[in-house]
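Novice: Place chain C on chain R using the hints.
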Amino acid sequence: MATFLGINFFALFGQLLIGLINGSFYALLSLGLAIIFGLLRIINFAQGAMYMLGAFVALLGFKYIGMNYWVALLIVPIVVGVIGVLIQRFLIRPIANEDHLYSLLLTFGLALMIQGLFTHWFGSSGQSYPVPDALKGGVRLPFMYLPNYRAWIIVVSVLVCFSTWWMIEKTKLGVYLRAGTENPQLLQAFGINVPLIVTLTFGFGVGLAGFAGVMAAPVYSVSPDMGSNILIIVFAIVVIGGMGSIGGAILTGLGMGVVEGLTKYFYPEASATVIFLVMVIVLLIKPSGLFGKNA
Amino acid sequence: MRSRLAILVLLGLALAAPLVIYPVFLAKVLCFALFACAFNLLLGFAGLLSFGHAVFLGTGGYITGWLMINSGLTPEIAIIAGTVAGGLLGAVFGKLAVKREGIYFAMVTLALAQLVFFLYLQAPFTGGEDGLQGVPRGKAFGLIDLADNQTMYYFVLAIFLAGFWLIHRTVHSPFGQIMKAIRENESRATSLGYDVNQYKWIAFIISAALSALAGSTKTLVFELASLTDVHWHMSGEVILMTLVGGVGTIIGPLVGAGVVVSMQNYLSGGELGNYLHIIMGAVFVVCVLSFRSGIVGQFNKFRRNNF
Numbered sequence: 017m018a019t020f021l022g023i024n025f026f027a028l029f030g031q032l033l034i035g036l037i038n039g040s041f042y043a044l045l046s047l048g049l050a051i052i053f054g055l056l057r058i059i060n061f062a063q064g065a066m067y068m069l070g071a072f073v074a075l076l077g078f079k080y081i082g083m084n085y086w087v088a089l090l091i092v093p094i095v096v097g098v099i100g101v102l103i104q105r106f107l108i109r110p111i112a113n114e115d116h117l118y119s120l121l122l123t124f125g126l127a128l129m130i131q132g133l134f135t136h137w138f139g140s141s142g143q144s145y146p147v148p149d150a151l152k153g154g155v156r157l158p159f160m161y162l163p164n165y166r167a168w169i170i171v172v173s174v175l176v177c178f179s180t181w182w183m184i185e186k187t188k189l190g191v192y193l194r195a196g197t198e199n200p201q202l203l204q205a206f207g208i209n210v211p212l213i214v215t216l217t218f219g220f221g222v223g224l225a226g227f228a229g230v231m232a233a234p235v236y237s238v239s240p241d242m243g244s245n246i247l248i249i250v251f252a253i254v255v256i257g258g259m260g261s262i263g264g265a266i267l268t269g270l271g272m273g274v275v276e277g278l279t280k281y282f283y284p285e286a287s288a289t290v291i292f293l294v295m296v297i298v299l300l301i302k303p304s305g306l307f308g309k310n311a
Numbered sequence: 002m003r004s005r006l007a008i009l010v011l012l013g014l015a016l017a018a019p020l021v022i023y024p025v026f027l028a029k030v031l032c033f034a035l036f037a038c039a040f041n042l043l044l045g046f047a048g049l050l051s052f053g054h055a056v057f058l059g060t061g062g063y064i065t066g067w068l069m070i071n072s073g074l075t076p077e078i079a080i081i082a083g084t085v086a087g088g089l090l091g092a093v094f095g096k097l098a099v100k101r102e103g104i105y106f107a108m109v110t111l112a113l114a115q116l117v118f119f120l121y122l123q124a125p126f127t128g129g130e131d132g133l134q135g136v137p138r139g140k141a142f143g144l145i146d147l148a149d150n151q152t153m154y155y156f157v158l159a160i161f162l163a164g165f166w167l168i169h170r171t172v173h174s175p176f177g178q179i180m181k182a183i184r185e186n187e188s189r190a191t192s193l194g195y196d197v198n199q200y201k202w203i204a205f206i207i208s209a210a211l212s213a214l215a216g217s218t219k220t221l222v223f224e225l226a227s228l229t230d231v232h233w234h235m236s237g238e239v240i241l242m243t244l245v246g247g248v249g250t251i252i253g254p255l256v257g258a259g260v261v262v263s264m265q266n267y268l269s270g271g272e273l274g275n276y277l278h279i280i281m282g283a284v285f286v287v288c289v290l291s292f293r294s295g296i297v298g299q300f301n302k303f304r305r306n307n308f
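Keeping their order, the protein sequence lines are chains R and C. Under the working numbering, the residue at position 242 of the first sequence is numbered 258, and the numbers go up by one with no gaps. Under the working numbering, the residue at position 93 of the second sequence is numbered 94, and the numbers go up by one with no gaps.
Treat each hint with caution, since some may be false.
Restricting the straight-line Cα-Cα distance to at most 30 Å, the calculated cross-link-like pairs of lysine-lysine (DSS-like) are [what the hints assert, rightly or not]:
(1) R:Lys302 with C:Lys100
(2) C:Lys140 with R:Lys302
(3) C:Lys96 with C:Lys181
The set of hints was computed from the structure by calculation and includes no laboratory data.
With the rest of the complex left out, here is chain C:
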């Protein structure tokens, strides 16, 4: 009952937020929140640390951007196409990456992402260093004009909620329980007759597709798809968001994305802009050393101990 009330309050806040805060900023936070939630599905619930998730974000963005510029499709179709493309790429990468575990998994995903980064750098359809600029937002379902920032925000909010709900359902499904069992004790899951690699692979595909969904949406918001979204820095950023918010919590990545995006916006506006990467690195180090459960994890601990 209390959690249902909390969800209603949060939803009310999300609906009212653009009256107070710049809607494009909010939409950016939601895109990254969805990206981080998708990443967390893999790290927090399946125990797999991917160091190449930017590639799915970027792929979704490029496909959607290219379709919006060249095909005249409506944005929801372009977004679905981007999501499917990300899922397919995830199926290929996942198949390769789940062959190795732990640290090797991280290195394989990073290397595969770098491979695609070089391909996108050379491929004609990505616009190389310039990226795809001036991507039109179009009319959702042919009816709703997304050119208005506020309308765009509500469109993004709807996508975010759909993605978030899907992740929530996945985590609480029998599939999600098996994923957690694999995280906790892989050999036991194997001995119980589960094909561990198959489960990891499916989790990887879901996570990749939702990351691409975030990337597709982000491209519409900013009317831009660029190499920044495929770069390994971006893969690091999503890890940072998840870590700051709380690995393995449902709401943590959302909080983490809010904190990290706000921090970046604040820093890049001021004279501290040059220090952005240094500060992000420092936040990483501090989180790992003394704040491993993240904001939401700490909050949950505090609540358990005091109430």
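This is chain R alone, in the form it adopts within the complex:
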């Protein structure tokens, strides 16, 4: 029963799986963008560079000090997050009162610099990172072969996304975050250290990108331009979903991955452009985005 009505189910499910994996990364990255946008009202153009940085730190750690995957998964997001904290504290905060477009341009400049540096150091060709031993192999399902690592990506990404969502919607810390989004002055007046929350939020959003980078290292090749390629797609996804809700960012990310996977099966020529086309349609029908409030 490999084919039915002319559809090859092995190939279709294979593309769906790849779509879900891409979608997991879209979700992690757009979640980070949405969290940062909520408090800082800026889009971090360096989010892609931070994702690339995460993958490279994991790769270099493995090569030179034998850092294994599990340690990397824990350490690298923290390293990248700390870099984010430094960027926010020393570069973005001084111009926080200027037009937000300047912060956008600042992060764009940083992205160019970071990508340029890594291209200079490691060349533009991709390098591979081994799949951890515990996740090698796979399961043979009736309709497809599922490699363990790929299942792991989907499960972990969804877990991380939804625990972040839970943290923001249901915990005390999340209340501060949402209050800061609504009215930072008032929150400050209640004695909360808002600048600190803003800095840590930026660090957390960027750390999520670093985490996505480590997760991506064993499946995609690690190269300096891996971040910029995915980031532009994620921007389109952010426009599609709207940044009004955290849950919306996650769902749109996963959903667009699936749409891309389906397109790869049914009409491969359009697979690179389908997400942008969806963006055009959404702009025509509901300009504020699927989950966006009218702003």
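Specialist: Chain C alone, transformed into the frame defined by chain R:
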């Protein structure tokens, strides 16, 4: 009176420049200057940051290049065709992009430009990764042979001046005043009865068409149209030129284009070529942190304070 004198001096310099400096380099500066001026019309005077302007530069270049290779039209017709194509694309993109504001506007334009980048990568008429090579320069109006670099430079200078004059007129027209009003306070402009999105849309079309004009001209100068001109790096470069020169000043983008193109030429010749993107990124960061009004903006400030 003094500004008229300054314009005459500048014009004299522009006419004499190819005697001292390599004309193709000068023509390149002028093409990018026109591109940056067109971009600045949108950012500096309408307050809209487009992150996809390379797509108009590239479209103009491809249309003009394709026509010069395949149709036997004279270059001025090919350039007009490229400009119109850019304007039409701008009309479509502008209609979509003005639905969103601020940061979303930047993301929408970037995503739309990337969509076209992928289309051009796959489309047969663009030559894919190779681009269109060996585009003939032809004879302007069927009379003036542009094969000579010096003649080409004066042709480009004429186009640049026409484009620059058009931008100058737009900014100082009633339309330009309304554009500035929208930039300063959009809700007030709306409450005064102006259809804000309509004005933004028209500004976008003018800016896109002039960017395509720059791209068309650039293709003739270099006899080449390639994917580089459509890539998001190029959209970043034009922002950098405008920022370095001075956002919202008439002459700033011209100065910025001169500085950035000279920097690129100087760097790519020397051993620092590998550092090009790193240095450009660093210039971005420094400009944003401590030099937001750009060279011309700073100069104006200095003049106001001291004279």
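Novice: Now tell me, hint by hint, if it's right for this structure.
Specialist: We went through each hint and held it up to the structure:
1. R:Lys302 with C:Lys100: holds, 10 Å
2. C:Lys140 with R:Lys302: violated, 49 Å
3. C:Lys96 with C:Lys181: holds, 20 Å
In summary, the one numbered hint that this structure violates is 2.
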